[in-house]
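Protein chains: 2
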Amino acid sequence: MTGGFHARKLAIVGMGLMGGSLALAIRAQADHITGIDSDERARQIALERGLVDSATDDLYAGVNRADVVILATPVRVIVELLRMQLGSYLRSNTLIVDTGSTKQDIVDAMAALPIGVNAVGGHPMTGKENGGIDEADGALYRNRPFVLCPSRRTTPAARLRAQAFVESLGALPIEMDAERHDHIVAGISHLPYLLSATLVATISNRAQDDSTFWALAAGGFRDTSRLAASDVTMMGDILSTNTQAVATLLAQFRMQLAMLETMLIAGDQERLGEMLLPIQAARKEWAQKYENGR
Amino acid sequence: MTGGFHARKLAIVGMGLMGGSLALAIRAQADHITGIDSDERARQIALERGLVDSATDDLYAGVNRADVVILATPVRVIVELLRMQLGSYLRSNTLIVDTGSTKQDIVDAMAALPIGVNAVGGHPMTGKENGGIDEADGALYRNRPFVLCPSRRTTPAARLRAQAFVESLGALPIEMDAERHDHIVAGISHLPYLLSATLVATISNRAQDDSTFWALAAGGFRDTSRLAASDVTMMGDILSTNTQAVATLLAQFRMQLAMLETMLIAGDQERLGEMLLPIQAARKEWAQKYENGR
Numbered sequence: 000m001t002g003g004f005h006a007r008k009l010a011i012v013g014m015g016l017m018g019g020s021l022a023l024a025i026r027a028q029a030d031h032i033t034g035i036d037s038d039e040r041a042r043q044i045a046l047e048r049g050l051v052d053s054a055t056d057d058l059y060a061g062v063n064r065a066d067v068v069i070l071a072t073p074v075r076v077i078v079e080l081l082r083m084q085l086g087s088y089l090r091s092n093t094l095i096v097d098t099g100s101t102k103q104d105i106v107d108a109m110a111a112l113p114i115g116v117n118a119v120g121g122h123p124m125t126g127k128e129n130g131g132i133d134e135a136d137g138a139l140y141r142n143r144p145f146v147l148c149p150s151r152r153t154t155p156a157a158r159l160r161a162q163a164f165v166e167s168l169g170a171l172p173i174e175m176d177a178e179r180h181d182h183i184v185a186g187i188s189h190l191p192y193l194l195s196a197t198l199v200a201t202i203s204n205r206a207q208d209d210s211t212f213w214a215l216a217a218g219g220f221r222d223t224s225r226l227a228a229s230d231v232t233m234m235g236d237i238l239s240t241n242t243q244a245v246a247t248l249l250a251q252f253r254m255q256l257a258m259l260e261t262m263l264i265a266g267d268q269e270r271l272g273e274m275l276l277p278i279q280a281a282r283k284e285w286a287q288k289y290e291n292g293r
Numbered sequence: 000m001t002g003g004f005h006a007r008k009l010a011i012v013g014m015g016l017m018g019g020s021l022a023l024a025i026r027a028q029a030d031h032i033t034g035i036d037s038d039e040r041a042r043q044i045a046l047e048r049g050l051v052d053s054a055t056d057d058l059y060a061g062v063n064r065a066d067v068v069i070l071a072t073p074v075r076v077i078v079e080l081l082r083m084q085l086g087s088y089l090r091s092n093t094l095i096v097d098t099g100s101t102k103q104d105i106v107d108a109m110a111a112l113p114i115g116v117n118a119v120g121g122h123p124m125t126g127k128e129n130g131g132i133d134e135a136d137g138a139l140y141r142n143r144p145f146v147l148c149p150s151r152r153t154t155p156a157a158r159l160r161a162q163a164f165v166e167s168l169g170a171l172p173i174e175m176d177a178e179r180h181d182h183i184v185a186g187i188s189h190l191p192y193l194l195s196a197t198l199v200a201t202i203s204n205r206a207q208d209d210s211t212f213w214a215l216a217a218g219g220f221r222d223t224s225r226l227a228a229s230d231v232t233m234m235g236d237i238l239s240t241n242t243q244a245v246a247t248l249l250a251q252f253r254m255q256l257a258m259l260e261t262m263l264i265a266g267d268q269e270r271l272g273e274m275l276l277p278i279q280a281a282r283k284e285w286a287q288k289y290e291n292g293r
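In order, the protein sequences belong to chains A and B. Just so it is clear: in the first sequence, position 145 is 144 by numbering that gives the first Met the number 0, and no numbers are missing. Just so it is clear: in the second sequence, position 278 is 277 by numbering that gives the first Met the number 0, and no numbers are missing.
Same shape as in the complex, but just chain A (with noise of 0.2 angstroms):
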C-alpha cells in the first residue's frame, strides 16, 4: 500500500467505458467529479447515473482547479490534448494519469508539458466486448494490471500518488517503461486482433464462393475471431501508434508458423505433437492462474 488518495476536484476527459467506470470506481475518494466530453448523451447519462457531479464539453472549465486528470479518450486524442493547450490549462502540482492502450506516444508527449504538471503513462488492462458509458461498471478495474508508465514529467511524489490512485480504484499497479508495455501489449493484444481480423478476411474471402464456410463455423472459430468485432477505430489507433512493436511480433509470429507448417506438411506428425504438446501445457498453465486471479 502506497497510503489513501484523496482529490478535491477530479476531472475526466472522455466519457466512454473507462472513464464512466473510474468515476464510479473512485466516487468516495474525490469530492468533486467533472465528466468533459463533447458527447451530449453521453454527458446525460453519466448525470443522470450519479457518476460525475458535473460535466461540460468545455475543456478548460473542466479541468479548471483540478488536482487530478484523468485522460480517458483514445489514444490519439490523449496525445492531442497532452500536445495542445491542456499542460496551460493546469495548475502547478497536478496530477494527470492516462488510460491509453499504448504508451510510447503518449509518455513522449507529457514529456513535453509544462515544468510543475506531473504526468504519469496509464494502462489498466481492463474492458467489456461493447464499450460506451451505458456498459460503466465499478467493478471493471477490480484486480486487475493497472500498468503505470513514468514521463519525463514523474516526480517521486507523483509517482506515489498516482499508485494511491490505481489502488483506489481496486487495481493492481505494475510500473514498467513505455517501451516494454508497448512491446508486451503488441504481443498480447495487438498480434491476437491482427490474427483474428486476418482470420475473418480469410474465411469472407472463401465465403464468396461458398457460404456453407459461415454456415457451418462454430465454437472454435466464435473464440478465435472474437476480436475482429473490436471497434477499428479504436484500434486503427492502437496500432498506429504501435507500429514497430506490432511488426517485431509479427515476424516472430511468422517464423513460429512456419515451423509449424514445415512439420506438418512434411507429414512429421511426432515433431508436430512435440512441439503441439509444450503449447497446450502453456496455455492450460496460464489460463489456470488467470481465472483464479479474476
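Everything labelled a hint here was simulated from the structure, so no lab data went into it. Remember, it's a predicted structure, so these values are computed and weren't measured experimentally. Do not take every clue at face value.
You can't tell identical chains apart in this list, so a pair holds if it fits in one copy or across any two.
Unchecked claim - Distance condition first, Cα-Cα at most 30 angstroms in a straight line; then the derived DSSO-like pairs of lysine-lysine: (1) Lys127 to Lys8; (2) Lys283 to Lys127; (3) Lys288 to Lys127.
Given chain A's structure and the hints, the job is docking chain B onto it.
For chain B alone, coordinates are given in the frame of chain A:
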C-alpha cells in the same frame, strides 16, 4: 423430414464425448445400444450412467449383428478400423456412420468396404472444451449442423437412413462431398487452431525473457488462444489427414496478413480502416446469426 429412424442393435465404437452423447441422444430410437471401447473406465461409466445396454472391448462381439455402427473414435483410428477387419464383421445392409473431423481419408477407406455394407461419412459440428465420457450430453448435437459425405458405399437408401439418423439426434443434416467439407473445416477450424497455437508459441518465446507477458495477458488473449489447449493427439490426427487444404488456407491467410501489415507499416490509417471495417461487419453479422441459431 426423411422419416423416423430406428435401430435394432446400434453399436458405438469409442465411448468418449461424441460417442457417449450420441448414445444419450439416440436412446429412444434403438432397441439395444452397445458401447465398444478399450478403456475400462469409459465402459464402466457408460454402463453406470445407462448410456448403453452393454459394453465390451471386443470389436467383433460389439458390432456382431448390429444394424447400425457408429465410429466415434479419433480420425486415424476410424481409418484403421475401416481398413481392418471391420467390414468382414458386418452383415449386409449394416449402416456405418462416423463422426471424424476430416472426411476425405475416411470416405476413401469406406470405398474399400465389402459391397453390401453401407457407409456414410459424418461430421457433427459440435463439441465441448473438455472431452471424455464424463462430459457426455444428450443435447450436444441439438440444432448443430451434421455434415454427411457420401462414399462409394452410400446407396440411396443408406443416404436417407443416415439423414434420418442425424435428425433423430436433433441435428441438422448437411450433405456435401468430402473434399469440400475438408476445405471448409480447414478454414473454420484447423486454421484457427494453428493460429491459436502459434500465438501461444510466440508469447511463450517472448515470456522467456519477460514473464510479464503472461501476467498482463487478459480476455482478448484468452479468446484467441483458447484452441491452443485442444487435445494434441486429436489435432495432430486432424491436421495430418487434411494437410493440403490446411496449407492452401494458410497461404491465403498469409496473403491477407501481408496486406494488413503493409497498410500498417505504411502508416496508412485510412486504408487500414477501410480494410478493417468490412471485416468487423462480417464478424458481427456471423456472430448474430450464430448466436440466434444456438
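The hints, checked one at a time:
{"no.": "1", "hint": "Lys127 to Lys8", "in the structure": "within (28 angstroms within a copy, 51 angstroms between copies)"}
{"no.": "2", "hint": "Lys283 to Lys127", "in the structure": "both (23 angstroms within a copy, 16 angstroms between copies)"}
{"no.": "3", "hint": "Lys288 to Lys127", "in the structure": "both (20 angstroms within a copy, 21 angstroms between copies)"}
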